[in-house]
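Novice: Going down the list, the protein sequences come from chains A and B. For the first sequence, position 235 (counting from the first letter as 1) is numbered 235 according to the numbering used here, and the numbering increases by one without interruption. For the second sequence, position 388 (counting from the first letter as 1) is numbered 388 according to the numbering used here, and the numbering increases by one without interruption.
Just so you know, these hints were derived from the structure itself, not from any lab. By construction, the Cβ of each residue, glycine as well, lies at the ideal position given by its N, Cα and C atoms. One or more hints might be untrue.
[Unchecked claim] Heads up, incomplete: computed chain B residues facing chain A, CB under 8 Å, no partners named:
(1) A171
(2) D183
(3) A320
(4) D368
(5) D369
(6) A420
(7) G484
[Stated by the list, open to error] FRET-style restraints, in silico, Cβ to Cβ:
(8) B:A457 x A:L152: 30 to 36 Å
(9) A:R118 x B:E307: 22 to 28 Å
(10) B:A320 x A:K225: 43 to 49 Å
(11) A:L152 x B:A103: 51 to 57 Å
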Amino acid sequence: MPTPSSEVLVIGGGVNGLACAARLAAKGRKVTLLEASEVVGGGAGEREFAPGYHAPALAHLTQGLDTRVVEAMALDRHGLAFHPALATTVLSGEAESLTVRGGKTSGVDAAAWEALHRKLSAFARVLAPLRQMRPVRLAGENRLFGLARQGLGIRALGKDDFRELLRMVLINVHDVAEDELSDDRLKGLLAFDATLGAWLGPRSPNSLILYLDRLARGADPLLPKGGMGALAVAMGKAAAAAGVEVRTGSAVEKIVVEGDRAVGVRLEGGEVVRVGLVVSAMNPRTTLHQLVGAAALDAGFFKATGHVRMRGAAAKLHLALRGTPDFRGADLKSRIVIAPSSEAVERAFNPVKYGEVPELPVMEVILPSAHDPGLAPAGHHVLTAIVQYAPHAPKAGLEAARAEMLENTLNVLEQHSPGLRSLVVQAELLMPQDIEARFGMVGGNWHHGELAVEQMLFNRPTFAAAQYSTPLPGLWLAGAGSHPGGGINGAAGWNAAGAILEAKA
Amino acid sequence: MTYDAVIVGAGHNGLVTASYLARAGMKVCVVEKNDWIGGAAVSRELYPGFTYSNCSYVSSLFRPEIMRDLELPKHGLQILPYEGGAVFQEGGGYLGMFRDHDANRREFARHSKRDAEAYDIYARDVLRFCRFIRPMLLRTPPDPSSFRPRDLAELMWLGRQMGALSEEMRARMVQFWTMSIADFLDQYFESPVIKGYLAVSAIIGTALGPMSPGSAYVLLHHYMGDVDGNVGAWGFARGGMGSITRALTASLKAAGGEVRTGQGVEKILVQSGRAVGVVLANGDEVRGKRVISNMDVKRTFLKHVDEAELPDDFVKRVKAFKIRGSSGKLNIALDSTPVFPALPEGAPNIRGDLHFTDSIEKMERGYDDWKNGRFSRDPFQDVMIPTMIDPTMTPPGKHFMSSFVQYAPPKIEGRDWTDADRDAFRDTCLNQIETYSPGFKDRVLHVEVRTPRELEAEVGLTEGNIFQGELTFDQLLFNRPVPGYAQYRSPIRDLWICGSSTHPGGGVMGAPGRNAAAEMLREAGAKGGMRDAYAVL
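Just chain A, with the same shape it has in the complex (with noise of 0.2 Å):
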């Protein structure tokens, strides 16, 4: 006898495996997740690298958690509350900082941003929608009505603004800043802003659609009080309270097939949990080929999921610093970006091509100790960056490379910080290969597989596990690989619960 649909497991504990888990539930499943560690939130957890200092455990902040997550979770009942919205500054090697809040900044180019900022903003107006639909088919099946309103949402931005949508929607981002924009510090931060977290330098072709993506996420960069981990705190409890049985220190070690159909997983110890649906929030690739293996699934499959390509250039630093730095007078509770220029954002995108480590890398800066002091003790800070581009696959080995990626970081830190490598009590750089072996993100990407075009909607991960269910019968996508990407939003593991509610109605 079978065990009913109805019983069903989400493996892994991140934002997208919590909402997804949560939305079933509410719907009256009986859902089990099981989460490896000891604390769910995954890439939003956080952790303490250094006695007394807490760093968020990988993102250290939110472009904005989708809507409907935070509304039908009740976050804010269970503990979620944001900081103001994050302005950005700006740094410059000679030049003064710049601030910027969404679509207003100062300087010569404050008109050009503004007018470039409103257009963007309208674009990923129109394209925000589909990051909560299921990725559309290009094929009778879908549901016209709601692909009916979008093509009509897209050319009600009027003749001109569709036309300009069409031109620009697989443009790279260093024309765009080189057709509109003449200061260098904003020609940077929009480079830097489209890349973060790709594997795409900002003179790529379709790297503007990725800061489409980021503006269609949320207007925003957000902090939640409290750390990230607050995040993760609050998305656990209210899935707990949702019905949702989670179990963390559970990790898995295979996803059981009987008869052609995923029927349960075993646990690492041995322990077999049988359920209707495996739904998995983990690396499409570790589900397939690792939990599931070959011999339950088409070749084809297999070999396309081996192909979806999952590279990571981000590194994470955190740093334990006595004292408070001074970026030449900059809000240290803004979101300090070091990119003087798109050129700068590109060179440091080519050493990583060859799998080496750039002399100059770029970042974002953040001080959540200067937000919830209780994160370091009185007095010290946290700071966290991300740093791009490092390479996933070093030429010159892990050690060699993350020693020599920290060390170029702390070096273009210290020549806008002057001072702050003396403050140092404590550095911790993750390499793509460290974030891999932490959080099970393949490549050490954060979107577990790169969001690229030819990544996205029916191509993501792959076009057979596109809509969210998979080749084998009673296994489930839910994780960021999954369209529309992950980046702490939730939308991935929101959508793929509804496509298991709708299949199931």
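Starting from the known structure of chain A, arrange chain B on it as the hints suggest.
Specialist: Relative to chain A, chain B alone:
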């Protein structure tokens, strides 16, 4: 007198347009600034006894429909297919390339058995993508923002083309169009030299590296041609690439058209919002009911049209049109046949493309130099010796060697090229060849070096871009050259454009010229025996 059409520029597209119009009964006149015809499809004797194809050097993409319609073989055009080539590897090895699939496969197996098997699947997949895109070449792109019946019908035609494929194939095609050639090849192959060889077509003439997304499409752009129906084959025009434009001119004259050389256009005359003719550099006017520019879109509108006649948005877009040159050219007269010791004695590969870039990484590093405003220190060269097959271009026993070089930027670190830069560029290229062919430099009688500077000054290609505009999606199909003006028309009535700045782009295809003519004839209601561009195939 007033012509029915004045065509500015005697490049292949200008001549194609002119010929079709003349055949439809129009009185046409082509004016050309140089003392010779051809534009970038040209052969010239620049060293006594040696004819150089000194711009484009091989042919494949030229549309067979145009050859038939304009009876070019009758007017002397002959395309000689050539056999493969070779990639020379650092350390003395080589990868042979052959036109024959099975020969190629055997050669691949020498480097990787797995890759030889993958090659079958790869060739099948790429051919499928080619078949899909070929019919679009001779069709005017629809305007997706328009609700005119003609545009809607054309969009539906495109939809039906997609509809003929399986859903998975459609998804894969979208993926192919948007990905990088490096990533695409990684799905099939493991051998760096095989990947390096196959990536070449994706970077030729393009300001992209093999790791740039969108480069896989450029591969298709070079694969969708054919020689005598052999899709993907390339050949030499007998007597040099100028034979193409010579045959076109003969065809044009036979239809009553006129070509005037040495008559540069100073200005396109616009009266009451209509183009009415051109003013030549010598002050003469040539009047016409319509003016058709074979010049690139930047040159046409920013140099030869009064800006006040054009809408601001259009001018802004034309100014932002990306036309960065990425390549140079060496034309070399050789005293004797060069020897490549890596090749077995008598190997046929010397009659094809010779490359010295044995990995994608080397190519990409060459592109990094270009981005930094330098020519590649270790450049990619596509070296050919057309006279191995076509002895008509040089004295017996001597050879003409053409080297297409990538990457060469339009400016060197922000400033103009100097003669010293040009010489350094030449030496870099010659030294690379010498490495793989000892004694090569001693055989050299003469070298003509063409950097983007020379290409712009002589041929008139802005920034030396050989395609009259880069081939990225923001400048392809309905975006080429400018959204809203992709149907060969311009904001000025009776001013048309027919060069490679328009769909489907460059590569000595003739398709822009033909499509433009079809649009004009359609508008004039004079079909002249030419089928509507929308129904060519």
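Novice: Now, for every hint given, state plainly whether the structure supports it.
Specialist: Hint check:
Proximity of B:A171 to chain A holds as hinted, the smallest CB-CB distance being about 4 Å (cut-off 8 Å). Proximity of B:D183 to chain A holds as hinted, the smallest CB-CB distance being about 6 Å (cut-off 8 Å). Interface hint status for B:A320: upheld, as the beta-carbon distance to the closest one in chain A is roughly 5 Å, under 8 Å. Interface hint status for B:D368: upheld, as the beta-carbon distance to the closest one in chain A is roughly 5 Å, under 8 Å.
For B:D369, the shortest C-beta to C-beta distance to chain A is roughly 10 Å, which exceeds 8 Å, and the interface hint is violated. Nearest Cβ of chain A to the Cβ of B:A420: about 25 Å, over the 8 Å cut. The hint is violated. Annotation: interface hint on B:G484 holds; nearest CB of chain A at approximately 6 Å, less than 8 Å. For B:A457 paired with A:L152, a C-beta distance near 50 Å fails the hint of 30 to 36 Å.
Taking the beta carbon of each, A:R118 and B:E307 are about 27 Å apart, inside 22 to 28 Å as hinted. The given range of 43 to 49 Å is respected by B:A320 and A:K225, whose C-beta atoms sit roughly 44 Å from each other. For A:L152 paired with B:A103, a C-beta distance near 54 Å keeps the hint of 51 to 57 Å intact.
Hint violations for this structure: numbers 5, 6 and 8, all remaining hints satisfied.
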